[in-house]
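Asks: First to last, the protein sequences are chains A and B. So the first sequence is residues 3 to 109, counted in my numbering. So the second sequence is residues 50 to 265, counted in my numbering.
Among the hints, erroneous ones may be present.
[Said to hold, decoys possible] A short, non-exhaustive set of chain B residues, derived as facing chain A with CB atoms under 8 Å: (1) W133; (2) N156; (3) E200; (4) A201; (5) R235; (6) L236; (7) P239; (8) K244; (9) M251.
[Said to hold, decoys possible] If you want the footprint, here are the derived chain A segments under chain B, 3+ residues with CB under 8 Å: (10) 15-26; (11) 46-60.
Keep in mind the hints are simulated off the structure, nothing from the lab. Cβ coordinates follow ideal geometry from the N, Cα and C atoms, glycine included.
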Amino acid sequence: MDCEQVMELLDAYALGAADAHEAAAIEEHVADCVRCWSSLDAAQRVAASLALSTAQQKAPPSLLSRVLAETERRQRPEAAARALAGGHGRTGGRGRRGARLRPRPPG
Amino acid sequence: MVRNRRLLNELKSGLARVDVLSSDPEYRQLGDDELMRRLFYRDRRAFEAIFDRYGDLVYSMALRVLRDPHLAEDISQEIFVRLWSKPGSYVAERGRFLTWLISVTRNRAVDEVRSRGRRQRYETASPEEQERELPAGNANDPALNAQLAEEARSARAALAGLPGEQRQVIELAYFGGLTQQEISQRLGQPLGTVKTRIRLGMQKLRAALAPEMKRE
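Next comes chain A alone, as it looks inside the complex:
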């Protein structure tokens, strides 16, 4: 896929509307093309602004307590491992459900 073809599809990709085949080709291309990567970044910022256009709701109070409890639970084994290793500071912090977080189009 060349730059012109990628540019044609960038907006759809940023919206998550490119199909899996197109998405894979775009990702391969922008990995090596600064110009197209920059255009994709701009398109993704426009797409993200759509989220701000939606009505904002207050998160339920239980969300915060659930998040704090879960992160606390995950931190305990890390602290124990650090103590056992006699290490300090940064840890790997692998979570049980630690999956990638990089934005990607739906497949």
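Based on the hints, put chain B in the right spot on chain A.
Replies: Positioned in the frame of chain A, the structure of chain B alone reads:
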């Protein structure tokens, strides 16, 4: 750590209100990238500040896609727990933290819709919903709230300025999680027409939001 344990105990005993998280004032001054950097060192106050800043936004985005408060809460929890577990997933050089966080949330919510096979009929938000003002992320950070409210107003105005058919395909793609092909089938419109509407709509949004983008 100790502070967090105390908060948890207070939550359990009903002494603390959890709907307003009073993040550390010192941390409220820090930018998103600095807060994320501190997560590498397991800084819980940095994490709380991020939640305080964007908890409502993440939940709102998940709710808009999923249309189910319980699922939206589950997905929001997952997003924040992953943020804590894998702070390295965000690479500052690749773009703005807020853009990344919204994309992650949107993509995870769409994945959930797809995995459940819930091809629910997507409906655009009512005008009342669209016009509702941001109650703003949190009461502790007026400057951030003002900035997000301004961005929200600009985004709403830009979206409202699109011709209806362009707005429709963009919302079906972004919030409905549909591919161009699926939108074409849903609307009974040729694929080429859908592609053109998306491109034209995004061009107009880009032009309308250019001043906001420059300020970022």
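Asks: Can you list which hints this structure breaks, lowest number first?
Replies: Those not satisfied are hints 5, 6, 7.
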